[in-house]
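Undergrad: Spelled out, the chains give:
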Amino acid sequence: MSELPLKDPAPADDAADAEPRPGHIRKPIGWSMIVIGALVAVSATLVWRRDGIAGVTEILTRDLALFGGILPRVLAGCLLGAFIAEILPHEKVSRSLGPKSGLKGLLIGAAFGAILPGGPFTAYPVASALLAVGADFGATIAMVVSWTLIGYGRAIAWELPIMGTDFTLWRIVISLPLPVLAGALGRFVFVRIYPKGAPE
Amino acid sequence: MSAALVIDIMLWGSVAAVGFIAFRRGPTVLTTSLREGTMDFINIVPRIALGVIGSGYIAAIIPQEIITGWLGSDSGWLGVLTATIAGAATPGGPVIGFSIGAVALKAGGGPPQVIAYVIAWALFAFQRLLLWEIPFMPARFVWFRAAVSLPFPFLAAAIAMAIGKP
Chain Z
1 MSELPLKDPA PADDAADAEP RPGHIRKPIG WSMIVIGALV AVSATLVWRR
51 DGIAGVTEIL TRDLALFGGI LPRVLAGCLL GAFIAEILPH EKVSRSLGPK
101 SGLKGLLIGA AFGAILPGGP FTAYPVASAL LAVGADFGAT IAMVVSWTLI
151 GYGRAIAWEL PIMGTDFTLW RIVISLPLPV LAGALGRFVF VRIYPKGAPE
Chain P
1 MSAALVIDIM LWGSVAAVGF IAFRRGPTVL TTSLREGTMD FINIVPRIAL
51 GVIGSGYIAA IIPQEIITGW LGSDSGWLGV LTATIAGAAT PGGPVIGFSI
101 GAVALKAGGG PPQVIAYVIA WALFAFQRLL LWEIPFMPAR FVWFRAAVSL
151 PFPFLAAAIA MAIGKP
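Here the protein sequences line up with chains Z and P, keeping their order. Residues in the first sequence are numbered from 1 upward in steps of one, following our numbering. Residues in the second sequence are numbered from 1 upward in steps of one, following our numbering.
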């Protein structure tokens, strides 16, 4: 497989698709990993001192099973993000989700977040892809907040069984305006902090 | 776990749908995306391993009573503030977050306070920020988003108080 897409009969209207994703970052182990690692080490030691080695292995086996269970979904989320970054036309995304997209852009972002399937392993790669192809902070905030608060995935799988229907439904109703408000607040603050656009 | 199965089907169905669109754009688009996605996956797995396997230990040493004790229905706005901080500080996945919320509700917690707790946990639980958002997204965006989300647990509690629900 050639790395150069120039020889392929690629669609002419989307030459940008052939470029590497802008703003795409693959960080080596960063400070957030070190913080989490230290927290985990301290916690595991405390569990060991309290419950002995049995307590440590019990948590380990349970969480290993959980980890094995979500791995395929993480892969699906990464693939979804990569595909979306490749196939979404940059121009159209920046028009409908960019800084000048207005309330409509925030509503589109919020609606997209609400219908997006999967968990954090889907939402964050997709949000990152949207940022890379021209969505602004406001619309992306609306999407992420909407996925967190209104998205049905977590509500159906966890909140309904644990918190009960009444609480869950009212919680979602109360949350309905929040994604668009968060996106609008994000835009309002963004243009005041970065008057010349996002720093790189 | 039929809900999980439905979610898996929708998830992989979406992957197949966008994969098909990529394939229609040409094989190069498909292979490039597949390679990018796989590289992302390989890069993210160690972080997720640490987070998922480690979060059990973090959750095990934080006594839940401490979190639930402060959210009583008489606690008012101080309770909402406490709930927001507790939500941000709650480690672990959705089972832990919602279980603490459910315990708080059963133990006499006020609904607005529990709403604030659940929403704060959903918006900016520190462990999710570090474990999920930072690895996948530009750090500047993550902190910015968390900062502009700060008022919303309070707003949600205010709406809950105003409408008297749930």
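Quick caveat, the hints were computed from the structure, so don't treat them as lab data. Bear in mind that the values here come from a model prediction, so they are computed numbers and not experimental data. Every residue, glycine too, gets a C-beta built ideally from N, C-alpha and C. A couple of the hints might just be wrong.
To be verified - Ranges between beta-carbon positions, derived for each pair:
| id | chain 1 | residue 1 | chain 2 | residue 2 | range |
| --- | --- | --- | --- | --- | --- |
| 1 | P | M39 | Z | I70 | 17 to 23 Å |
| 2 | Z | R95 | P | A17 | 31 to 37 Å |
| 3 | P | K106 | Z | L103 | 16 to 22 Å |
| 4 | P | P46 | Z | Y194 | 40 to 46 Å |
| 5 | P | F126 | Z | A111 | 24 to 30 Å |
| 6 | P | I163 | Z | L103 | 29 to 35 Å |
| 7 | P | I21 | Z | D166 | 38 to 44 Å |
Undergrad: That 17 to 23 Å hint for M39 (chain P) and I70 (chain Z) (C-beta), does it hold up?
TA: Roughly 19 Å apart at Cβ, these two residues keep to the hinted range, so it holds.
Undergrad: If you check the beta carbons of F126 (chain P) and A111 (chain Z), does the distance land in 24 to 30 Å?
TA: For A111 (chain Z) against F126 (chain P), whose Cβ atoms are near 28 Å apart, the range 24 to 30 Å holds.
Undergrad: Does 29 to 35 Å hold as the CB distance between I163 (chain P) and L103 (chain Z), or does it fail?
TA: violated, 24 Å
Undergrad: Confirm or reject the claim that I21 (chain P) and D166 (chain Z) have a C-beta distance inside 38 to 44 Å.
TA: Roughly 40 Å apart at Cβ, these two residues keep to the hinted range, so it holds.
Undergrad: For the pair R95 (chain Z) and A17 (chain P), does the Cβ-Cβ distance stay inside 31 to 37 Å?
TA: Violated, since R95 (chain Z) and A17 (chain P) (Cβ atoms, about 23 Å apart) do not stay within the stated range.
Undergrad: Quick check on a hinted range of 16 to 22 Å for K106 (chain P) and L103 (chain Z), using CB atoms only.
TA: Check failed, 40 Å falls outside 16 to 22 Å.
Undergrad: Holds or violated: 40 to 46 Å for the Cβ distance of P46 (chain P) and Y194 (chain Z)?
TA: violated, 32 Å
When held up to the earlier numbered hints, the structure conflicts with 2, 3, 4, 6 and fits the remainder.
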